[in-house]
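Given the structure of chain G, go ahead and fit chain B onto it with the hints provided.
2 protein chains.
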Amino acid sequence: RLGYGWDSAHAKYPGLIYCSISGFGQTGPYKSLPAYDLVVQALSGLMSLNGPEGGPPTRLGVSIGDLGAGLFATIGICAALTERAKTGEGRQVDIGMLDCMIALLENGLVRYLSSGEVPHALGSRHPSITPFDAFKAKDDWLVIGAANDHLFGVLADAVGQPQWKSDPRFCSVNARLENHLALKVEMETALNTHSAQEWVARFVSAGVPAAPINHMPQAAENPQVAARNMIATLQDPEMGELKVCGNPIKISGYPDSAQRPPAPNLDQHRPNILRALGEEAEAFKRTKVNRAPKHPIW
Amino acid sequence: RLGYGWDSAHAKYPGLIYCSISGFGQTGPYKSLPAYDLVVQALSGLMSLNGPEGGPPTRLGVSIGDLGAGLFATIGICAALTERAKTGEGRQVDIGMLDCMIALLENGLVRYLSSGEVPHALGSRHPSITPFDAFKAKDDWLVIGAANDHLFGVLADAVGQPQWKSDPRFCSVNARLENHLALKVEMETALNTHSAQEWVARFVSAGVPAAPINHMPQAAENPQVAARNMIATLQDPEMGELKVCGNPIKISGYPDSAQRPPAPNLDQHRPNILRALGEEAEAFKRTKVNRAPKHPIW
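These protein sequences, in sequence, are chains G and B.
This note's numbering puts the first residue of the first sequence at 1, with every later residue one more than the last.
This note's numbering puts the first residue of the second sequence at 1, with every later residue one more than the last.
Okay, chain G solo, but in the shape it has when bound:
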């Protein structure tokens, strides 16, 4: 509408990489429809896989419709940048939020496409591994993931129920899946003797993957989260010290600081950006070998 569509921008700047993110993408019968995160979570079927078993369909507790589209868009832009470094050609990257949700359905979609079975929400439970779920201990919840017979045996010993290993209801992956409700009752009875924290310590030291189900304070103060600089600090000239999320992409040779610069003011970096783009375009024009661009970038 403003005259910055792909066709006109590409004609003027053949090296430009142009990415659009919309609810449904630039093609297809829905291309002009509005969307929100909630809409694509619903249409994609994602909500039908999330929430309590037998309960209402539940939106995922984070805006995965927005976040997922941003991640796939970034990959598309980076792929186009890698190609442009060789050819000089710009590309249009067309991301639809609904497409991205379909791409994140994983076993729910594959299960349906391969068998016709319609999967449904299972609470915290894994569709094909038992026990792999959230369990209530004496005071709080924890997760336990005993993904094979060996880990299940270690778990049975750790909770003082070694007879589970030879119980015909629980002695194989398939038996445990079939009897997951009975096993959950027995496990929660056994776990009710100690706190979630005590059980997690015991399971982790025995080698059974387990964890507390943290809320934001425990997550933000977790020592591993701190060690990885995943909570960063910035000094904003107007708002003072703020804590924000760190960068999960750690690349050698690039400092991963726990301090981040504040967001720039409007147009604060404009001259620097224009200068850098000009230099990049000049450097590109001087490149004459087989990886030279067919067109200047700008």
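Be careful, since some hints might not be right.
Note that identical chains are pooled: a pair holds if it fits in a single copy or bridges any two copies.
As the list claims (entries may be wrong) - No more than 27 Å apart at the CA atoms, straight line, and that leaves these computed lysine-lysine pairs for DSS-like:
hint	residue 1	residue 2
1	Lys31	Lys184
2	Lys136	Lys184
3	Lys12	Lys86
4	Lys184	Lys165
5	Lys12	Lys31
6	Lys243	Lys31
7	Lys138	Lys184
8	Lys243	Lys12
It should be emphasised that the hints constitute simulated quantities derived from the structure, not laboratory data.
Using the frame of chain G, we list chain B on its own:
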């Protein structure tokens, strides 16, 4: 353990881009601990934001711990490829699944870090916009996202309740948030007169974002999903025709086919890959200008 760590691989192949994905990354006190999707969903606090309001913490219905790590890893690798095209330098990309979950917490984490408020699961409801939720119509569920006063007015008219617009409980964004339970009761009473499908058609034509809450069959057969080739077909020499998920990253100049080749057999492409890598390294060695590598890739 096998002698292919970053240090030895980098020394031998300075242009190699090396990515590791693990539960907790290559540094920090948890670096050697095992993890699963379930474990990082729990530790990160993500599960505390998901599921019914007041209900148990709920694992997200897809393995976002695995999927998220894969997406961030891909971005890290692509970023390193873009740099290597300029410098020839390889990089180590170090991805921890827990870090990636922290990076996907969005408003739940920011809300806690900025205000100290501990957010909790809200079912399908948005934390700050009302109505933006799943609602039950006569026969089935639908989602409705009326994100501002204008859309709420259109919604009120569409359900034949124009008096909502001047009702002091509902007449502003804050009032609706405060009275979200009362509004939900009134909306579901009004919606109970028609099917979800009828309401969705009415809302979409009035411009209010709304959608059916699909299960896998409706999602897989959706006309937009079909038009975007998000369900692709492959002919496997052993298993016959299979349907699989398509690619959500659409890039101009690259065909986006609804047919995909089958997965190769073990080592089927080995000679082609080795030949292509050799040619790439040779081309790189011949490049002598300012974007020439300091080291050969291989």
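Results of checking the hints against the structure:
1. Taking the shortest Cα distances, lysine 31 and lysine 184 never come within 27 Å of each other, neither inside one copy (46 Å) nor across copies (30 Å).
2. With identical chains, the CA atoms of lysine 136 and lysine 184 are at most 27 Å apart within one copy only, with a shortest distance of 10 Å there and 31 Å across copies.
3. With identical chains, the CA atoms of lysine 12 and lysine 86 are at most 27 Å apart both within one copy (20 Å) and between copies (25 Å).
4. For the identical chains of this complex, lysine 184 and lysine 165 are intra-copy neighbours only, at 15 Å inside a copy versus 48 Å across copies, given an alpha-carbon limit of 27 Å.
5. In this assembly of identical chains, lysine 12 and lysine 31 lie within 27 Å of each other by CA distance solely inside one copy; the values are 25 Å within and 49 Å between copies.
6. Proximity of lysine 243 and lysine 31 under a CA criterion of 27 Å is satisfied inter-copy only: 24 Å between copies versus 38 Å inside one chain copy.
7. With identical chains, the CA atoms of lysine 138 and lysine 184 are at most 27 Å apart within one copy only, with a shortest distance of 14 Å there and 35 Å across copies.
8. With identical chains, the CA atoms of lysine 243 and lysine 12 are never at most 27 Å apart, being 42 Å at best within one copy and 40 Å at best between copies.
When held up to the earlier numbered hints, the structure conflicts with 1, 8 and fits the remainder.
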